[in-house]
Amino acid sequence: MRPPLLRRSDGVIAGVCAGLAVHLGIPRSWVRIGMAVLTLASGAGVLLYAWLWIFVPTAADKAAEAGRQTGPAAFMHGVDTKILHDGGAQAGRGDQRNGFADPAGAGTGGILEPDSWRERTVRAGRREVLFGTALLLAAAVFVVQLLGVQVNWGFLVPIAVVATGAALAWSQLDDVRRARVMNRAGAGRAGGALRLLAGIVLVVAGVLVALSSSGSWTLTMATLVAVLAVLAGVGLVLAPWGLKFWRDLETERAARARETERAEIAAHLHDSVLQTLALIQNRADSETDVLRLARAQERELRQWLFADPARDPGSLAERLRAMAGEIEDLYGHPVAVVAVGDAALGPAEDALAQAAREAMLNAAKHAAVAVSVYLEAGADTVEVFVRDRGDGFDPSAVPSDRLGIRESIHSRMLRHGGSSELRSDGDGTEVRLRLPRTTGSAA
Amino acid sequence: MDSENLPADGAVPGTVSVVIVDDHGIFRSGLRAALGPVIRVLGEAATVEEAESVITATGPDVVLLDVHLPGGRGGGGAEVIHRCVTRGTASRFLALSVSDSAEDVVAVIRAGARGYVTKTISGPEITDAVQRIASGDAVFSPRLAGFVLDAFGTASVAVDDELDRLSARELEVMRLIARGYSYKETAKELFISVKTVETHVSAVLRKLQLSSRHELTRWATERRLL
Chain A
1 MRPPLLRRSD GVIAGVCAGL AVHLGIPRSW VRIGMAVLTL ASGAGVLLYA
51 WLWIFVPTAA DKAAEAGRQT GPAAFMHGVD TKILHDGGAQ AGRGDQRNGF
101 ADPAGAGTGG ILEPDSWRER TVRAGRREVL FGTALLLAAA VFVVQLLGVQ
151 VNWGFLVPIA VVATGAALAW SQLDDVRRAR VMNRAGAGRA GGALRLLAGI
201 VLVVAGVLVA LSSSGSWTLT MATLVAVLAV LAGVGLVLAP WGLKFWRDLE
251 TERAARARET ERAEIAAHLH DSVLQTLALI QNRADSETDV LRLARAQERE
301 LRQWLFADPA RDPGSLAERL RAMAGEIEDL YGHPVAVVAV GDAALGPAED
351 ALAQAAREAM LNAAKHAAVA VSVYLEAGAD TVEVFVRDRG DGFDPSAVPS
401 DRLGIRESIH SRMLRHGGSS ELRSDGDGTE VRLRLPRTTG SAA
Chain B
1 MDSENLPADG AVPGTVSVVI VDDHGIFRSG LRAALGPVIR VLGEAATVEE
51 AESVITATGP DVVLLDVHLP GGRGGGGAEV IHRCVTRGTA SRFLALSVSD
101 SAEDVVAVIR AGARGYVTKT ISGPEITDAV QRIASGDAVF SPRLAGFVLD
151 AFGTASVAVD DELDRLSARE LEVMRLIARG YSYKETAKEL FISVKTVETH
201 VSAVLRKLQL SSRHELTRWA TERRLL
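For the protein sequence lines, the chains are A and B, in the order given. Quick note: the UniProt record's numbering has the first sequence finishing at residue 443, numbered continuously throughout. Quick note: the UniProt record's numbering has the second sequence finishing at residue 226, numbered continuously throughout.
Calculated directly from the structure, the hints in this document are not laboratory data. Don't take each hint at face value.
Residues on chain B that point at chain A, a partial pick, calculated with CB under 7 angstroms [what the hints assert, rightly or not]: (1) 101; (2) 142; (3) 143; (4) 146; (5) 149; (6) 150; (7) 180.
Where a beta carbon is used, it is the ideal one built from N, C-alpha and C, also for glycine.
In isolation and in its complexed conformation, chain A is listed as follows (with noise of 0.2 angstroms):
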């Protein structure tokens, strides 16, 4: 079985040469000189040659294609159902939001793949098209000096050989790489061919003005003249390998940081979850244990999906549901935290969090059930409302030694120019703090 017809990376003009050798099976050197033999025969190696370097892909391009369809697609697509499904839509959230799923970087494979090999078809028809053209248009010139018309081909000539250049140029990037400048550029199709016809207009007028001008003054300026054009031309041709290479390292670059996202992810998931549901089989006789470590290991998982990186953790909400976490932790009963507005953490703000511990820790402490904290930063005040659902209590009846109340939240909030105000019935407990917001809220 004969080895495919590629294009080798390792040969000296494109490949076409040494991928023949490949695919026949004989030494390179003898493919070479048939073709130097062919060309000597009317140029029919050089058409050959010219012939398989457009129309045989190289190895690369092979390989690209065939990884497109397969590998990173599904793979992607399987990492993106399983988040969704598996772990909760919620940590698919989490994804977006802290950047984990790069849209533009994961989708590349999947984004494609559907469209690729219609695309390449079309491609490939486009091709043949171009150079039936060409070939079209020698063939028309030839019959044109043929009736006698008088055919410059000092003119001809270069503008072929720039044209050519210039396509060849363009020709190194494959398909998907060249649609990707060409809309990292911003330039779309049309865009494109008109730099591409702008390169070749600039080397053809930089050749003729050099080749065309004498006398002194004029040839220096002209040369001059020539020899930028030449360059800004060559610069353009040559535009398509740097935007090659980088875009080829920064693909890099994106692959490697979602591969250490995922690594942290899965690392997170074990050291947390996978630990605590182990801790729950084992304690499965124990609902108050189950219930502390579910919601202790919930409130962890939110705060790794939810919170927000730009907050500053050391603000009074995060301090507060910190708090209310701990306190959770302790007895057992869930401490909600809802907070409007934030406000950095200055010596008052402190003590009003220390103060809201206390009530927090009352609540669940002699009230025992559900806890709610409400956390209002206006311009003016900073209000924290602490709620339970309890049976209440008198406050006048509290024995006078009793600290908590009148030392930890009354005195606290007064010695920070702020008030305290608990109010207790049959319906439940509520502490209010307030604070005004002169000292240390500007920091």
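Chain B: place on chain A using the hints.
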């Protein structure tokens, strides 16, 4: 609002029919068991497409709808509401979520859900919420009230559009709900009737759904709902 014209589908008076939409089978069966005897479960669905067909086929009074769902165009619960509303459903939607992110909740409310509760809600509470939704009320959890206050601001600032701000009374009601007060407790606290509290909450829900406030449109846009 239109609490009088309850959808009548020949069921025992007082019972409310529901469809449970959630992609986790364990959660669906748990919820089914937690619902009180006055709730009749007509069906379950796990994806956007399933939800659309089950809801339009059974026409429940209330749909218990998870915010995150696979299928469709990736719009989750909000997409289910959009699709069902397009097909002229009379069912009302109560959003359920474990999510803490404001954009998820606001998106599903703006799509037309009449309430939002977290999945850790107890059986009697969810039963009560379903009945409330069925009778045309809105159900605001403390967290949703917090989102509302965050989005509209806690001060009554002067803005051109009436939809873009809450009245002083609505602000008071939202604050109390955020503090963990029930509708009844809120009514008692403000010396108004429960009916009035419900009216205020429905008005807030309407503003939440129709306001063009920057924060709200941003949340909705992020979920590609506009």
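Each hint, compared with the structure:
About 6 angstroms separates the beta-carbon of residue 101 of chain B from the nearest beta-carbon of chain A, less than 7 angstroms, and the hint is met. Nearest Cβ of chain A to the Cβ of residue 142 of chain B: about 5 angstroms, under the 7 angstroms cut. The hint holds. The restraint placing residue 143 of chain B at the interface with chain A holds, with a minimum CB-CB distance near 6 angstroms, inside the 7 angstroms limit. Evaluation of the residue 146 of chain B hint against chain A yields a held restraint, the C-beta minimum of about 4 angstroms falling below 7 angstroms.
Using the Cβ-Cβ criterion of 7 angstroms, the hint placing residue 149 of chain B at the interface with chain A is satisfied: the shortest such distance is roughly 4 angstroms. Because the closest C-beta pair between residue 150 of chain B and chain A is about 5 angstroms apart, less than 7 angstroms, the hint holds. About 3 angstroms separates the beta-carbon of residue 180 of chain B from the nearest beta-carbon of chain A, less than 7 angstroms, and the hint is met.
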